[in-house]
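Participant: This is what each chain is made of:
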Amino acid sequence: MKKGFITLHVNGDAHEVLVSSQHTLLDVLRGKLKLMGTKEGCTTGSCGVCTVNNGRGEAVLSCLTPALEWADQSITTIEGLEKNGRLAPIQQAFVEYHAVQCGFCTPGVIMSAQAVLNLTPAPTEEDINDGLAGVICRCTGHIKVKEAIRHVGEFGPTP
Amino acid sequence: MSKPEDLSVIGRRQPRLDGFEKVSGRSVFTDDIVLPGMLHGRILRSPHARARIIRIDVSKARALPGVKAVVSNVDAPDMLFSEKQPLLAKGFVHYVGEEVAAVAATDPLIAEAALDLIEVEYEVLPAVTSLRRAQQLDAPQLHEWAAGNVALTHEKDFGDPDAAFAASDLVITDEFRSPVQHNTLAELHVALADFTNPDKLHVWTPTQGAPMYQMALAKAFGLETSQVRIVYGNVGGAFTGRGRAKPHHFIAALLSRVAGKPVKIKATGDEEFIMFRGSGETQYRFRTGVTRDGKIRALEADVTFDAGAHAEWAMILWLPAPYLNWLYKVDAVRYRGRFVYTSTVPKGSHHGGIFGRLSAGWMQHLNHVAEELGMDPAEFHRKNAIDPGHHALDGSDFASCGLKECIDRVVERSGWKAKYGKLPPYRGIGIGIGAQASGGKNAANDTSAAMIRVADDGVVTLYTGIPDMGQGSHTVMAMITAEVLGVEPEDIRIVGGDSDITPFDWGAFSQRGTFTTGNAVKLAAEDARAQLAGIVGPLLGVAATDLKFAHRRVWVRGETPDATGRSFSFREAIGKAFNGVQGLAIMGRGSFNSPRPSGSLAYSFGAQVAEVEVDPESGAVKVIKVTAAHDLGRALNPLAVEGQLDGQVFSGMSQVLYEECRMDGGQILNPSRLEYKLPRTYELPEVEYILVETIDPYGPFGAKEVGEGPIVVTMAAVANAVANAVGEMLPQIPMTPWRLLRVIRHRRNHGLAPAD
Chain A
1 MKKGFITLHV NGDAHEVLVS SQHTLLDVLR GKLKLMGTKE GCTTGSCGVC TVNNGRGEAV
61 LSCLTPALEW ADQSITTIEG LEKNGRLAPI QQAFVEYHAV QCGFCTPGVI MSAQAVLNLT
121 PAPTEEDIND GLAGVICRCT GHIKVKEAIR HVGEFGPTP
Chain B
1001 MSKPEDLSVI GRRQPRLDGF EKVSGRSVFT DDIVLPGMLH GRILRSPHAR ARIIRIDVSK
1061 ARALPGVKAV VSNVDAPDML FSEKQPLLAK GFVHYVGEEV AAVAATDPLI AEAALDLIEV
1121 EYEVLPAVTS LRRAQQLDAP QLHEWAAGNV ALTHEKDFGD PDAAFAASDL VITDEFRSPV
1181 QHNTLAELHV ALADFTNPDK LHVWTPTQGA PMYQMALAKA FGLETSQVRI VYGNVGGAFT
1241 GRGRAKPHHF IAALLSRVAG KPVKIKATGD EEFIMFRGSG ETQYRFRTGV TRDGKIRALE
1301 ADVTFDAGAH AEWAMILWLP APYLNWLYKV DAVRYRGRFV YTSTVPKGSH HGGIFGRLSA
1361 GWMQHLNHVA EELGMDPAEF HRKNAIDPGH HALDGSDFAS CGLKECIDRV VERSGWKAKY
1421 GKLPPYRGIG IGIGAQASGG KNAANDTSAA MIRVADDGVV TLYTGIPDMG QGSHTVMAMI
1481 TAEVLGVEPE DIRIVGGDSD ITPFDWGAFS QRGTFTTGNA VKLAAEDARA QLAGIVGPLL
1541 GVAATDLKFA HRRVWVRGET PDATGRSFSF REAIGKAFNG VQGLAIMGRG SFNSPRPSGS
1601 LAYSFGAQVA EVEVDPESGA VKVIKVTAAH DLGRALNPLA VEGQLDGQVF SGMSQVLYEE
1661 CRMDGGQILN PSRLEYKLPR TYELPEVEYI LVETIDPYGP FGAKEVGEGP IVVTMAAVAN
1721 AVANAVGEML PQIPMTPWRL LRVIRHRRNH GLAPAD
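Residue numbers (my numbering), protein chains in the order written: chain A, 1 to 159; chain B, 1001 to 1756.
Among these hints, one or two may not hold up.
[As the list claims (entries may be wrong)] For lysine-lysine, the following DSS-like pairs were computed, each having C-alpha atoms within a straight-line distance of at most 30 Å:
#1 A:K83 <-> A:K34
#2 A:K2 <-> B:K1060
#3 A:K34 <-> B:K1200
#4 B:K1622 <-> A:K3
#5 A:K32 <-> A:K3
#6 B:K1404 <-> B:K1622
#7 B:K1417 <-> B:K1625
#8 B:K1329 <-> B:K1419
#9 B:K1404 <-> B:K1419
[Claimed, not checked] Label pairs and their in silico Cβ distance ranges:
#10 A:S21 <-> B:E1119: 26 to 36 Å
#11 B:A1620 <-> A:L119: 23 to 33 Å
#12 B:R1493 <-> A:T44: 31 to 41 Å
#13 B:G1389 <-> A:K34: 56 to 66 Å
#14 A:K34 <-> B:E1175: 35 to 45 Å
Quick caveat, the hints were computed from the structure, so don't treat them as lab data.
Cβ coordinates follow ideal geometry from the N, Cα and C atoms, glycine included.
From just these sequences and the hints, can you work out the full model?
Facilitator: Given below as structure tokens:
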């Protein structure tokens, strides 16, 4: 079993952690760093609740990727979206549009939505559909989720 | 009954009060809880649909370093999960996934490795892995007490069905089937049990209601109900999938008692699909007798449910009988139901209860009846629809009923008359209607209770046991409290989700949250307000009943709530009570139970029209638009109501078009959310909602349920729209591309029009 210390940059903080080839990025985020905002769902990449953003702002399924591959990489989790104690625009929009119900998939849905906005600040309907296609929310049916993303796309990142 | 203009909080589009926690990653779910010394539990499950257990040897697993407990039936030989079902397999296994043994270890990987070290020798026996097979004459008998594999039957006649059918001009019969379906909860099944103190069992777990879990666990472990504490802070969806405790709750407790440490058991993604207890296969036959002019005389339903290996959810067997009485004015109703054993996991129901799957067939059948009569189906439903004040054959009374208005509104808004029968080939439009009880009143005690404490600083704390599974119950309970006390929803703190603290509440099933718990909360708030008014009234020189509470102020009715009138701020008023000579600490209490012996006090109604397009080459269905009108009494929080409707349209179309556990020999072939299809973002229809507010006299501020009624109607409307698009009824859900292609090709080969 391959094993070693890696440095992960999570939400702007550097963490040195001992990981083995058995650990996924999700194991490290939840188990070692205690960043419990990112949820563990199916662990097979089919539900999307574990979605985080990589250094390029893209959506990544943390349950599928081995932790060792993340040495010296940057990651943003749901806990990293707030700035100076204020919710990010997409988080605020999720509250106002009732895009959150049970909330279990919400961190993954928001990180998917944030990735859409990172890559396409004024997303089209197709951009939103593509960006959210990897995550399932039975509660909301994604209807108000899409409204919240459209709102942020329309009014920009300034809250 | 308050008039709308008197209400300051109710009816507001109120965002969830826990929204900040949920969007920021602060919300704590069960799997986020780690207790000191906590172990990780894993369950060894049967790989066979039916087998005799020759031998179990756990010695190697027990010897693995890090393993702290291994249990099999010898460790709890008399512990039952349900009436005739041992918690851990005893001599036999009856389905793939049955719990055979379990391990608790210091690390999940060690627990997993230990499972591999448990040796079980099986003698495989002939199994019965489909509902059809179970009813064949040569099928193996699965349980000695169940000849023909029939677990239970239920027969109910209302009126004289034979006479009503005889008096009918036309009698039509249709048959339908629905598959095994899974609840696919966002938060997978999980339980954390701490039974280190033998006098108290603590279980952290998502649930739809604590009391049923407490009672079941107490019975199994020889405890009093209050010795079992259920903690359920955030619940990641339920959709009828968390109504009762499952074996992993008991096993976590058993492992914890043996190991003397807290034990967490969490399902893996594929394990979730074999341990679930969602919908079983269902076969149903509807028969309807009508007069030539379209009056329904008699309705009959004959339903065969797949119980699975044990009859855990007998209740679903008798629920259809009353349901058949709630929509139409009829002379007679007949229900015949049976629960049949198969060698599969015990079943319950899926989102929409049993009514969704029945409705997808029943409404296609009634559409068929209307078309045979040459009537527009919307007119047929309307002609037979009940009115307010109707007394149904099952004894149900409908004080408020907006069914006809719902039909009229969706017909108008969807452009039904211009479209029905006039759409191009492979475009379809369908209508469905439905009713649902606000609180099932399934036992004499169907109680919800609530407590309200007003602190001396004016902060109001509501103690409620109703779980918030996402439906927004805590926010709406805060709105009810705020409305009565004249404060704002943000002023209310909710303490919930802990059976040691919160007053009794059966929980969130049978659509009882808003109605039953809402009434209890309203009573508690009124009690608190009366206590406060008793102090403040005399101070302002009026009787306690002459006060008005709103906008965080208390004032003399008829005056203005400012310096020109006699008034206090809410906080000043609380200070007068607390710091006055009475030193009154205000605590309100409320308890609500429908006074009826059975049946609900209120029923919601709805109608929906769906429009679809079927691709005749691929068989794929695109749902274009769903127009939904629902009589929900009053929308306490229209924002949350829309959220409930969104989820039910999504889940309803999903069950009709996509969801199916593909079974083979008792094994599920598609145990993941990639292969068990749900709609993705690009498959969502346009939705239009019409809220019909009939202000029910028994509901809190006139409200009725809206948490399950709509999905039943969506399933009916979508099913009828697809049938309309391809030109014939579709006897099996889900209406998958390959099933539709078979119909389309058959019709083409026989020169039948795609849609008529």
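Participant: Against this structure, judge whether each hint is valid.
Facilitator: Hint check results:
1. A:K83 <-> A:K34: 20 Å, holds
2. A:K2 <-> B:K1060: 27 Å, holds
3. A:K34 <-> B:K1200: Measuring from Cα to Cα gives roughly 29 Å; hence the hint holds.
4. B:K1622 <-> A:K3: With a Cα-Cα distance of about 49 Å, the restraint between K1622 (chain B) and K3 (chain A) is violated, given a limit of 30 Å.
5. A:K32 <-> A:K3: 15 Å, holds
6. B:K1404 <-> B:K1622: Given that 30 Å is the threshold and the Cα spacing comes to 28 Å, the pair holds.
7. B:K1417 <-> B:K1625: 16 Å, holds
8. B:K1329 <-> B:K1419: At roughly 28 Å apart (the allowed maximum being 30 Å), K1419 (chain B) and K1329 (chain B) satisfy the hint.
9. B:K1404 <-> B:K1419: 20 Å, holds
10. A:S21 <-> B:E1119: 26 to 36 Å: 29 Å, holds
11. B:A1620 <-> A:L119: 23 to 33 Å: For L119 (chain A) against A1620 (chain B), whose Cβ atoms are near 28 Å apart, the range 23 to 33 Å holds.
12. B:R1493 <-> A:T44: 31 to 41 Å: 39 Å, holds
13. B:G1389 <-> A:K34: 56 to 66 Å: 59 Å, holds
14. A:K34 <-> B:E1175: 35 to 45 Å: 55 Å, violated
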